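For the record, the sequence lines run as chains E and G.
In this note's numbering, each residue's number is its place in the first sequence (first place is 1) plus 61.
In this note's numbering, each residue's number is its place in the second sequence (first place is 1) plus 46.
Calculated from the structure, these hints are not laboratory results.
Hints may contain errors.
30 Å max Cα-Cα, derived DSSO-like pairs, lysine-lysine [to be verified]:
no. : chain 1 : residue 1 : chain 2 : residue 2
1   : G       : K374      : G       : K285
2   : G       : K374      : E       : K466
3   : G       : K252      : E       : K470
4   : G       : K352      : E       : K345
5   : E       : K497      : E       : K477
6   : E       : K400      : G       : K271
7   : G       : K271      : E       : K477
8   : G       : K358      : E       : K457
9   : G       : K358      : E       : K484
10  : E       : K470      : G       : K411
11  : G       : K419      : G       : K393
12  : E       : K493      : G       : K393
No experiment lies behind these values; they were computed from the predicted model shown.
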Amino acid sequence: MNEYKLTAIAIWIILGLGFVFLINFGVAQVTYFGISIILLSLVGSVVYTWWKTQSDKTVDKLKAEILLKIKKDYADGQKLIAEAGEMVNVDNVRRDLESLRSNLINLKFYDADFNTTEEAKKYTLTVIEQENRRVEQRLRSLEALAAIEVKPKLDEYIQELRVKLDKLRKAGYKIGEEVENFETIEAQESKTLREMLEKKKKLTEKFVSILNKCAAEAGEILTTSQRYGVIKIVEHALLKIKTEDFDGCVILLVDARSRLKDFLKDFFAIEKNEFSASVEGIYKLLDGEQVEPEKMREIEELRSWVLYISDPGTIGELQDLKVQFKNAVASTIAELHEKLRSLEEEIKAYAPSREIWTSDELAEPLVRRVSAEDELRVFTRYATNALEHIGKQLAKDSAFIKILKNYDKVEQIISKKLEGEGKLSATALNVKYPEKFLMLYSKKHPDTEYTESTATLRVKARV
Amino acid sequence: MNGRTKWGIIAAGEGANRISFQYYSQFRNPAIEDRVLLLNTTTADVKLDKTFEYIISKDAGLQQVYEEVKRSRICIFGKSPSGAGNNWKLGENEAREDFDSIVKYITGLKLAERDVILGIATLGGGTGNGSLPYIIHRLKRGEDLAYRREISYLALGIVPYDFEAPQRYFNTICGLTRLLKYGEDGRQNADMLLLVDNSQVERMLKVGISAREERYYQINQEIIKAVNMLIAPSSLGAKSTIDVADYYQLPSNIGVYHFTPCMSLGNDPEIFEIETALEMAASNPMAPLDLKTATMAYIVAVVPQKYVDSGKFSQEDLEAKAHEWAVKNIAGEWGGILRYASLVSSKEQETLDVMILLGGFSFDKILAKSLQKYYDFIDILRVDKGEVELKDESDPRIRVRISMKDIETIETRLKEYIALTQEKIGKVQEVKTDLLEKLEEWGFGKRRK
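Only chain E is shown next, with the shape it has when bound in the complex (with noise of 0.2 Å):
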């Protein structure tokens, strides 16, 4: 309608200014004038007419795209509760599902494959919006409907994993980590039916993954096991496994476990006593000021470690322990020796009597005799030697280092205590060591003597 107006008043105003020109400036220059207003109006035809066109197929356009989604969005829907069909009865709305869709054709949107007709394009753009949004809720409100009786069953589902994920925890699968990751799933929100599908589809991944971790370990203690004999059982079962079964996965799992623990028990019993009399046989000869921090804790958390474990499916694990522990008790050892021999050589720059101090000889050939590569009753024995040799030297030389740092100090007070009675007593000197460092004043002083038994130092009488 605006159209025909506008075009009506364009014209008058045409006219109008014809009108003026033609007063105003003759004839000639109306025609110019008209020609011109001709020919822009053609353009001006042409111009429209193309644009119009482009309009009208832009509306048509939408419409397909919108019907497009109507179809997409029902199928969206129609596989969902499909999904959810497989887990509940959902039959009352699939029917209305079946009803929206013969709604849909008997509209003429679509036909009986379901695929857009030429009708549809009768019909404005906002009725098939407005039909498009109708559908949306629709098939929001079946979904939702879907979903009241998809949680419960789901929650269901949850439980029967859980509780097959606590047998194999029982029967000993070190699965706890995975299990954790689990239950961080199981603790995502969900609300919708997509969300709680989604959920059940990452579960059951989880699951199946705890499952083939199962498969691998219990895999891997049967060959351990086979180094103390044949359990051809087990070795059926594990075979026999298929994880799409949970039910009756979990139970060969469980089972294979058993019978794997069963058969370790005695072997683990033995290698843990004499692994454990070991650990503890070393652990008391290592002393927390020679040892550096760092290696003792290493070797305490190992210590933890042989205490915690009980199970006889790790028996595995045991014998890694094992060799960690020898490879940290040697490299103590190489630790504490190279410790003695740099406070020998500190030592030998004081230049010390031999009566007093000689250099260790036995550390060299009991530290070369530990090695990692032995087996751990052989490791122990040599071990427990060095450390046992190394301990003490260290301790006596510690002290007889401080006592060597410390002589200049302590000279002073024993000269000046001297001067007195001409004899000190070991008693009376309040020092650490009294005894050495009255040894050490004697062998510097060559005018005093000292005498062990009564510990005493005394002044030479002079001829």
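Mind docking chain G on chain E? Use the hints.
Then chain G, alone, in the frame of chain E:
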């Protein structure tokens, strides 16, 4: 420090400047932090580079500290073109003339009531020895500083080397006396005077054969450690606090308030017992003295925390050992008339450090070397109309007149102080109180002797 006593150091003169710079660049006692002020006369600014040259040479990073000190921690006072030239009177006059600017710098230390000013000066020189007694007197008696009466004024005087010339000892006697007593009325000046003898510390450290600068460095290091030990009993780790007032209140009441630290540092706690550390400290006094004349002793032991936790060292044990040691070694049958002991535990420290701060001892050993040189110097002075003119031979611009009356006053005051000290020592050494008689007086009835 959160409410704890703050200490500020005022170091007057080149020698004291060196000690303070050494502290500032290498130590940071939480009680002192950066409250250090270096005072010097006008020539000092051109000599500063040389003064600190050796300390800076120990660590390249100290050049920056030096620049910082030069910028904000040094107060140059006086108008003399060539400084005090080892003339204490000139040092005193310069400080008097420029006292306002000195006070401005001291105010900048931001000390408040109950805080401490520790003044340091070498007694043989002119600038510090001349100015410090005057500054302490003015701060204590004047109106220049807020809370002046609540502030404690401690002085550390450093006695020159044995080999130094008589004029240095003239300065020493004058400076020592003026730190003890000052003003028209000759009242107590510093609340406490700590004495350190350069030659004594040198012998103690066995650094006599080192180069001169290294000797100074080592001696100063020891002096700084003594100051740290002095502050330690008021730190958080102290099992029994010795507050700064404990150091000087009773000695001031008695009228004898000179002290000297005896130290034994860096002892291995695994080897040494407290008794031994005390013995070693007592054999290392920082000024020559006869132990048996000491009437007061403050004993400070700083030990690693772990040994306190393990029970190896305890406050009770320290007190018992300190008592035992004092009875055996210092004046009187009770082990002096005043004794405190404080065990300080430290997480940072690995050694057992002990300081015995001995006080009230006889001056005879310190004055033995000083008096002879003092009189030798006085004897050659030309007295003109009751005054003598002191001048620096190397710089004729430095000259000042001192009246003989002033010198006599100084001598009299020192003699009085010495007489009082000796009297107290005598009384402590011979406790003659008749207890039976006293008990009767107290109403316990007649008792048989």
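Quick rundown of the hints versus the structure:
Under the criterion of a C-alpha separation no larger than 30 Å, the hint pairing K374 of chain G with K285 of chain G is consistent with the structure, at around 25 Å. Between K374 of chain G and K466 of chain E, the direct Cα distance comes to roughly 29 Å. Compliance with the 30 Å bound is thereby established for this hinted pair. Distance restraint check for K252 of chain G and K470 of chain E: the Cα-Cα separation of roughly 13 Å lies within the 30 Å cut-off, and the hinted pair is therefore satisfied. Pair hint K352 of chain G plus K345 of chain E holds up; C-alpha atoms about 23 Å apart against a cutoff of 30 Å.
As the CA atoms of K497 of chain E and K477 of chain E are separated by approximately 18 Å, the hinted pair is consistent with the 30 Å bound. Between K400 of chain E and K271 of chain G the alpha-carbon distance is near 34 Å, which puts this suggested pair outside the 30 Å criterion. Straight-line distance between C-alpha atoms of K271 of chain G and K477 of chain E comes to about 26 Å, which keeps the hinted pair within the 30 Å bound. Between K358 of chain G and K457 of chain E, the direct Cα distance comes to roughly 21 Å. Compliance with the 30 Å bound is thereby established for this hinted pair.
Restraint check for K358 of chain G and K484 of chain E: satisfied, since their Cα atoms lie roughly 29 Å apart, inside the 30 Å limit. Of the pairs offered as hints, the one joining K470 of chain E and K411 of chain G holds, with about 25 Å between alpha carbons and a cut-off of 30 Å not exceeded. Proximity of K419 of chain G to K393 of chain G is assessed by CA-CA distance (about 47 Å); at most 30 Å being required, the pair is judged violated. For the hint pairing K493 of chain E with K393 of chain G, the CA-to-CA distance comes to about 23 Å; that is within 30 Å, so the pair holds.
Against the hints set out earlier in the document, violations occur for numbers 6 and 11.
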